[in-house]
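Could you put together the complete structure from these sequences and hints?
Chains H and L supply the protein sequences, listed in that same order. Numbering of the first sequence is given in UniProt numbering, commencing with residue 1 and proceeding in unit increments. Numbering of the second sequence is given in UniProt numbering, commencing with residue 1 and proceeding in unit increments.
No lab work stands behind these hints: they were computed from the structure. None of these values were measured; they are calculated from a predicted model.
No farther apart than 20 Å at their CA atoms in a straight line, the calculated lysine to any residue pairs in the SDA-like style are these:
1. H:LYS213 to L:ARG274
2. H:LYS213 to L:ASP275
3. H:LYS170 to L:VAL100
4. H:LYS213 to L:LYS273
5. L:LYS279 to H:GLY30
6. L:LYS206 to L:SER220
7. L:LYS279 to H:ASN163
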Amino acid sequence: MITGIFRPLPAALCALAIVLFARAVTAVRGIFSGITPDATQRIYFANHASHGDFVLVWTVLPPRLRRVTRPVAAAEYWQAGALRRFVGQKVFNALLIDRDPATRQADPVAQMAQALDGGASLIVFPEGTRNVTDAPLLPFRSGLYHLARARPATELVPVWIDNLNRVLPKGGLVPIPLICTVTFGAPLHVGGDETKDAFLARATAALIGLSPKAERPPQ
Amino acid sequence: MTPAQSDLIWLLAGLGGVLLTASGVGYVLQQRLSPQGENPGIENLNDRIKAWWVMVALMAVALLLGSSGTTLLFALCSFAALREFVTLVDTRRSDHWALVATFFGVLPVQYYLIWIEWYGLWSIFIPVYAFLLLPILAVLFGDTERFLLRVAAVQWAAMICVFCISHVPALLSLHIPGYEGRNVLLIAFLVVVVQGSDVMQYVWGKLLGRTKIAPRLSPSKTVEGFTGGALSAMLIGASLSWLTPFTPLQAAGLSCVIVLMGFFGGLVMSAIKRDRGVKDWGHLIAGHGGFIDRLDSVIFSAPIFYHLTRYWWSLT
Numbered sequence: 001m002i003t004g005i006f007r008p009l010p011a012a013l014c015a016l017a018i019v020l021f022a023r024a025v026t027a028v029r030g031i032f033s034g035i036t037p038d039a040t041q042r043i044y045f046a047n048h049a050s051h052g053d054f055v056l057v058w059t060v061l062p063p064r065l066r067r068v069t070r071p072v073a074a075a076e077y078w079q080a081g082a083l084r085r086f087v088g089q090k091v092f093n094a095l096l097i098d099r100d101p102a103t104r105q106a107d108p109v110a111q112m113a114q115a116l117d118g119g120a121s122l123i124v125f126p127e128g129t130r131n132v133t134d135a136p137l138l139p140f141r142s143g144l145y146h147l148a149r150a151r152p153a154t155e156l157v158p159v160w161i162d163n164l165n166r167v168l169p170k171g172g173l174v175p176i177p178l179i180c181t182v183t184f185g186a187p188l189h190v191g192g193d194e195t196k197d198a199f200l201a202r203a204t205a206a207l208i209g210l211s212p213k214a215e216r217p218p219q
Numbered sequence: 001m002t003p004a005q006s007d008l009i010w011l012l013a014g015l016g017g018v019l020l021t022a023s024g025v026g027y028v029l030q031q032r033l034s035p036q037g038e039n040p041g042i043e044n045l046n047d048r049i050k051a052w053w054v055m056v057a058l059m060a061v062a063l064l065l066g067s068s069g070t071t072l073l074f075a076l077c078s079f080a081a082l083r084e085f086v087t088l089v090d091t092r093r094s095d096h097w098a099l100v101a102t103f104f105g106v107l108p109v110q111y112y113l114i115w116i117e118w119y120g121l122w123s124i125f126i127p128v129y130a131f132l133l134l135p136i137l138a139v140l141f142g143d144t145e146r147f148l149l150r151v152a153a154v155q156w157a158a159m160i161c162v163f164c165i166s167h168v169p170a171l172l173s174l175h176i177p178g179y180e181g182r183n184v185l186l187i188a189f190l191v192v193v194v195q196g197s198d199v200m201q202y203v204w205g206k207l208l209g210r211t212k213i214a215p216r217l218s219p220s221k222t223v224e225g226f227t228g229g230a231l232s233a234m235l236i237g238a239s240l241s242w243l244t245p246f247t248p249l250q251a252a253g254l255s256c257v258i259v260l261m262g263f264f265g266g267l268v269m270s271a272i273k274r275d276r277g278v279k280d281w282g283h284l285i286a287g288h289g290g291f292i293d294r295l296d297s298v299i300f301s302a303p304i305f306y307h308l309t310r311y312w313w314s315l316t
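Set out below in structure tokens:
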């Protein structure tokens, strides 16, 4: 559900404060190498190494796209406490997913498809959880494939978030100001007879290909 | 208005005139040779001129605000430079606290000490105390992989981006007989000579540049550009001696030292960029790259200029 183009004032101020803070710490720069930042409906799929990941993607999008772009996030995190509920729902308009299959009321893919039908673009993290390993990406969960099948016309845009894991490593309390980049690659679509494994491998490769470290030899 | 302020306003008006001329020339060149933005050299020149306006305006505001404004401005420059430097080096998770200490401890403390003019402490705070503290913080995590390289990178970041840059606002605390209340003009002198030398090296290099000085480090630096730039900067420095406690000859000599240090500073910072496989330190200043790309010559010349002035002209 899109709550209209204008947010209530407290949420709008909070959004502005979050964007300014993200810029002050990371001087983040959006690199639109495969798309232009226009109003096309998209599913942005990104690497996930930090709590702040979708904030950065959201920060580099032009304001009019921010208002229709909803991060897909874990319900148990964003429903814990009044402040998180306010930020999650009113500021980011997050689409909350119950990650526990046992208590789940709705099918996550159906929830995401419904949000797309409502006109929103989505930010998803196909690894499903934060990557705290040294590998560039964890194996993708199957949700991205099922979502691509369910809404084959929507552009799937790989988004590489670089350096944010160094800003706030696991266990760190204070962020270190480092320059981050968010690179948007060329959009993908699922092929008519493409298998799940083939599609997920292609999506993974497209995402890793955007990493600046993919070009730099290992130290 | 104090005499220092009126001198500063004359200087700023002069710079404004130079930039106005540059903007006019850039506009005509763009209309004639690059109406659709097809000539990258001219587009880059115009980007640089625009960034110059912003830098001169910021400097003007800070210098007119006095010592607190100037110290704060250079503290922010240090912050931006430190962010660029640390972004480019390979640190590990176990360096987290050393980096937190550098950003949120070393940097503000150094500028606070500069602000309260405690020379005895600020001049050794980073080279002695931070130098020893940072490896201690790193070693607490027991991670020995590339230990010396990682510690050295953080120490260099603190030295280059905080210690060296902080010598610019430190010029405000020198006590030079007969020059009371005018120290802000020393900063203006340093910055105009350094940046004037950069601009004139660029201009002479474009006009006459043939022989590359250090092709592996910096393909755009030429013998002709450097010589022309250095001589022009010494001339600029000598002609600005009315702002300073120096005679025209002394001003030219100090300008020569500033230009040499700035030149080698540029080469050193280039070598680091080459090693890291990047072209620019950052992207914040259109046409110039990052803060360190613009400050590299100031970084190396400021401490030397500070100490030469202190030893021979200052009472303290």
